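**Student:** The chain contents come next:
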Amino acid sequence: MKAVLAILKKEFIQIRRDPRMLPILFLAPVLQLLLFGFAVNLDVRDIPSVVCDQDRSPQSRAYLDAFFHSGYFTRRFDVGRTEDVDSRIDGGQAVMAVIIPRGFGERLLAGRGATAQIIADGTESQSATIGLNYAAMITSRYAQGLLAETFVRLRGSGLRPVLIEPEVRVFYNPDLKSRNFLVPGVLGMILMVMTMMLSSMGIVREKEAGTMEQLIVTPIRPGQLILGKLLPFLAIGVIDVVLVTSLAAFGFRVPFRGDVLLLGGLCLVFMLTTLGLGLFISTISRNQQQAMFTAVFFMIPMILLSNFVFPIETMPGFFRALTAIIPIKYFFTVIRGIFLKGSGWAELWDEAAAMAVFGAVILALSIVRFKKRLE
Amino acid sequence: MTSSSIEVRALSKRFGAFTAVDAVSFDVRRGDIFGFLGANGAGKSTTIRMLCGLLEPTSGTALVAGHDIRRSPEKVKRSIGYMSQKFSLYEDLTVEENIRFFGGVYNMAAPDLASRLRWVLEMAGLRGREHSLTRNLSQGWKQRLALGCAVLHEPGILFLDEPTGGVDPVSRRAFWDLINRLSEDGVTVFVTTHYLDEAESCNDIRLIHAGRIVGAGSPSALKASTIRNPILEVECGRTVEAMDLLRREPWVRDVSIFGVNLHVGVVEEAEGRRRLAARLEQAGIPLRRIDRIVPSLEDVFLRRIEDSDKEAGR
Ligand SMILES: Nc1ncnc2c1ncn2[C@@H]1O[C@H](COP(=O)(O)OP(=O)(O)OP(=O)(O)O)[C@@H](O)[C@H]1O
Ligand SMILES: [Mg+2]
Chain A
1 MKAVLAILKK EFIQIRRDPR MLPILFLAPV LQLLLFGFAV NLDVRDIPSV
51 VCDQDRSPQS RAYLDAFFHS GYFTRRFDVG RTEDVDSRID GGQAVMAVII
101 PRGFGERLLA GRGATAQIIA DGTESQSATI GLNYAAMITS RYAQGLLAET
151 FVRLRGSGLR PVLIEPEVRV FYNPDLKSRN FLVPGVLGMI LMVMTMMLSS
201 MGIVREKEAG TMEQLIVTPI RPGQLILGKL LPFLAIGVID VVLVTSLAAF
251 GFRVPFRGDV LLLGGLCLVF MLTTLGLGLF ISTISRNQQQ AMFTAVFFMI
301 PMILLSNFVF PIETMPGFFR ALTAIIPIKY FFTVIRGIFL KGSGWAELWD
351 EAAAMAVFGA VILALSIVRF KKRLE
Chain B
1 MTSSSIEVRA LSKRFGAFTA VDAVSFDVRR GDIFGFLGAN GAGKSTTIRM
51 LCGLLEPTSG TALVAGHDIR RSPEKVKRSI GYMSQKFSLY EDLTVEENIR
101 FFGGVYNMAA PDLASRLRWV LEMAGLRGRE HSLTRNLSQG WKQRLALGCA
151 VLHEPGILFL DEPTGGVDPV SRRAFWDLIN RLSEDGVTVF VTTHYLDEAE
201 SCNDIRLIHA GRIVGAGSPS ALKASTIRNP ILEVECGRTV EAMDLLRREP
251 WVRDVSIFGV NLHVGVVEEA EGRRRLAARL EQAGIPLRRI DRIVPSLEDV
301 FLRRIEDSDK EAGR
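Respectively, the protein sequence lines represent chains A and B. Be aware that the first sequence starts at 1, since it is given in our numbering, and climbs by one per residue. Be aware that the second sequence starts at 1, since it is given in our numbering, and climbs by one per residue.
Keep in mind that the hints were calculated from the coordinates and are not lab data. Values in this document were obtained by computation on a predicted structure and should not be read as measured data. Ideal Cβ positions, reconstructed from N, Cα and C, are used throughout, including at glycine. Worth double-checking, as some hints may not be accurate.
What the hints assert, rightly or not - Take a look, some chain A residues computed to stay more than 10 Å from chain B by CB distance:
#1 L5
#2 R17
#3 R102
#4 V217
#5 L243
#6 F293
#7 D350
#8 K372
#9 L374
What the hints assert, rightly or not - Straight line, CA to CA, 20 Å or less: simulated EDC-like cross-link-like pairs of lysine to aspartate or glutamate:
#10 A:K2 with B:E96
#11 A:K371 with B:D68
#12 A:K372 with A:E208
#13 A:K9 with B:D92
#14 A:K371 with B:E154
#15 A:K207 with B:D254
#16 B:K223 with B:E249
#17 A:K2 with B:D112
#18 B:K223 with B:D204
#19 A:K371 with B:E56
#20 B:K223 with B:E200
#21 A:K2 with B:E154
#22 A:K9 with B:E269
#23 A:K341 with A:E206
#24 A:K372 with B:D68
#25 A:K9 with B:E91
#26 B:K310 with B:E249
#27 B:K75 with A:E347
#28 A:K207 with A:D18
#29 A:K2 with B:E74
#30 A:K207 with A:E11
#31 B:K223 with B:E269
#32 B:K75 with B:E56
#33 B:K86 with A:E213
#34 A:K372 with B:E74
#35 A:K372 with B:E56
#36 B:K86 with A:E206
#37 A:K207 with B:E56
#38 A:K207 with B:D92
#39 A:K9 with B:E130
#40 B:K86 with A:D259
So here's chain A without its partners, still in its complex pose:
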């Protein structure tokens, strides 16, 4: 135990003495969150749109009003023929198009389902996806309004209106605010980058400085050394979690619906995986440069396969299977769940278990890999 304490103390002294370390550890995460919170805004407003209303009925006008009052779309052009819609989108003057076919109003009045065609420019996939989501949402709200109206009218007659559930529904983040989705994710990323980078330097730095040679002629055990290196980084990670979470919840007003303690506990479990991975990299690298490249080499695919940028459901089967061994994927589920849905232990225990297993395995591997030999 004395040995672990000695290592731990030494690590803290070294961190404190390095003038560049404190800003990197505590300022950088906050700056990164600010960057994502303010600058990277995936919320799309005023999407330039073209309208082709072939019905010209009160119903079609009401629907279009609902559409454009939302503020998400701007009605740039009105055209009569569908061919003109194509030319506007091809020309890049509009990103979305709403086409209302003849008979829209009549079908609605008759209580049958009606369709409006919505076209999006797929090359602008980000705005297109979001725009389509907005459109679906607006449409479903409009449909609900109609339904309520019809219901009132039909109450006396004993007839039941035909009810069509809209397929796309937006849960938990009904304003579709990208910030709410991004900020918790950024917390996960910051935590991963921070702890992995720190720990991947942990052992290799001593190899490079030559101090490892002195350390391994002492009777210290590999487990003690690894533990002594791990704990200070864990402490730094906890401070970062507190900083970033407070900023997210109070600064950016990202809804925090879950349990703070659960979040803290699962952050610790997650950090075991990243610290373990970093230490493992450190034991297999010869110098800091190698360790750094190896860490980045691991981190990039982990982020890409993590649900942070690309939805896992749309990945090809092989990659979808691969995501099962990516700890940060589980952590994203955890952190978004706790922030946005208020998920509790009942929903998140399996993610926690997956991360704990990964962490235990990688730490055991590091201890086994770390031989008290030079070579």
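Keeping the supplied structure of chain A fixed, place chain B with the ligands upon it in accordance with the hints.
**Tutor:** Just chain B with the ligands now, kept in the frame of chain A:
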């Protein structure tokens, strides 16, 4: 227990196809200052690292403080202190922090550590510099601190790998005083060096060359056994030409250049002087002085290396 602290048997280390240490065997007596003498790349550090459990031997065995270095390297580590060739304390820790760190790693009890801390500061002359960053110490002080950290836990055996490399003569003297004090306290000291004057302070020496031991014994025994012929120091002109010339004479055993002089080993002193003078005069090389000298370890060292290379060439 036997009277040997270290017993080495046919210890070898290969790096790929290259043999750095080639089946060396020797014993180190308890309490001795044991010198391991060799040129750069001779295999000194490799041997010492195997004995400290830092490198796995390719073949052969060794017992250090009674523990097999292959089977129980961790037990070996508990009984030894080691100071590596390259300075390997934490440069960004202060003197006292370094000492306390190693005290913690060796699991020392707080009162022991406190008294040892005082002892080390005293011994290394670092009193008043407890709070200096190690980075800012001069080389001589760094090495004394490293020695202090290596003996903090009072090991019975101390391995020092070229402890005085890059240190001025005064600091070297001070360092050797410390080594002598430790030895008087009963610590076995295994020290590598390529300073021949340092080797004179050892009780027992091994000469190592290209991974093999080419000479063994106390400094005086080594000289007596290696240099049986008288050695004449010759001051003359055109030393290189004179050396080539004398090498071909049957009554000359060996010739080497030392500074501006020649050291010439001859079969018999009086006859050697006469023939030497005659031969140089015949060649027209001016002769200024001939003196009989006591051979130095350097003579021994060079002679042994020469013999060993001749043998290997055959
Ligand atoms: N890890 C290694 N891999 C390959 N070769 C090595 C390794 N370590 C040492 N050597 C080689 O083994 C030989 C002996 O090295 P060693 O460090 O033992 O020499 P030394 O006697 O300590 O020399 P010096 O006085 O320069 O410290 C050298 O030729 C060196 O290049
Ligand atoms: Mg060496």
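**Student:** A separate judgement is required for each hint: does it hold in the structure or not?
**Tutor:** We went through each hint and held it up to the structure:
{"no.": "1", "hint": "L5", "in the structure": "6 Å, violated"}
{"no.": "2", "hint": "R17", "in the structure": "5 Å, violated"}
{"no.": "3", "hint": "R102", "in the structure": "79 Å, holds"}
{"no.": "4", "hint": "V217", "in the structure": "4 Å, violated"}
{"no.": "5", "hint": "L243", "in the structure": "26 Å, holds"}
{"no.": "6", "hint": "F293", "in the structure": "25 Å, holds"}
{"no.": "7", "hint": "D350", "in the structure": "40 Å, holds"}
{"no.": "8", "hint": "K372", "in the structure": "7 Å, violated"}
{"no.": "9", "hint": "L374", "in the structure": "5 Å, violated"}
{"no.": "10", "hint": "A:K2 with B:E96", "in the structure": "17 Å, holds"}
{"no.": "11", "hint": "A:K371 with B:D68", "in the structure": "18 Å, holds"}
{"no.": "12", "hint": "A:K372 with A:E208", "in the structure": "15 Å, holds"}
{"no.": "13", "hint": "A:K9 with B:D92", "in the structure": "13 Å, holds"}
{"no.": "14", "hint": "A:K371 with B:E154", "in the structure": "25 Å, violated"}
{"no.": "15", "hint": "A:K207 with B:D254", "in the structure": "47 Å, violated"}
{"no.": "16", "hint": "B:K223 with B:E249", "in the structure": "24 Å, violated"}
{"no.": "17", "hint": "A:K2 with B:D112", "in the structure": "14 Å, holds"}
{"no.": "18", "hint": "B:K223 with B:D204", "in the structure": "12 Å, holds"}
{"no.": "19", "hint": "A:K371 with B:E56", "in the structure": "11 Å, holds"}
{"no.": "20", "hint": "B:K223 with B:E200", "in the structure": "11 Å, holds"}
{"no.": "21", "hint": "A:K2 with B:E154", "in the structure": "18 Å, holds"}
{"no.": "22", "hint": "A:K9 with B:E269", "in the structure": "68 Å, violated"}
{"no.": "23", "hint": "A:K341 with A:E206", "in the structure": "44 Å, violated"}
{"no.": "24", "hint": "A:K372 with B:D68", "in the structure": "16 Å, holds"}
{"no.": "25", "hint": "A:K9 with B:E91", "in the structure": "15 Å, holds"}
{"no.": "26", "hint": "B:K310 with B:E249", "in the structure": "18 Å, holds"}
{"no.": "27", "hint": "B:K75 with A:E347", "in the structure": "50 Å, violated"}
{"no.": "28", "hint": "A:K207 with A:D18", "in the structure": "18 Å, holds"}
{"no.": "29", "hint": "A:K2 with B:E74", "in the structure": "17 Å, holds"}
{"no.": "30", "hint": "A:K207 with A:E11", "in the structure": "15 Å, holds"}
{"no.": "31", "hint": "B:K223 with B:E269", "in the structure": "17 Å, holds"}
{"no.": "32", "hint": "B:K75 with B:E56", "in the structure": "15 Å, holds"}
{"no.": "33", "hint": "B:K86 with A:E213", "in the structure": "9 Å, holds"}
{"no.": "34", "hint": "A:K372 with B:E74", "in the structure": "9 Å, holds"}
{"no.": "35", "hint": "A:K372 with B:E56", "in the structure": "10 Å, holds"}
{"no.": "36", "hint": "B:K86 with A:E206", "in the structure": "13 Å, holds"}
{"no.": "37", "hint": "A:K207 with B:E56", "in the structure": "18 Å, holds"}
{"no.": "38", "hint": "A:K207 with B:D92", "in the structure": "15 Å, holds"}
{"no.": "39", "hint": "A:K9 with B:E130", "in the structure": "17 Å, holds"}
{"no.": "40", "hint": "B:K86 with A:D259", "in the structure": "52 Å, violated"}
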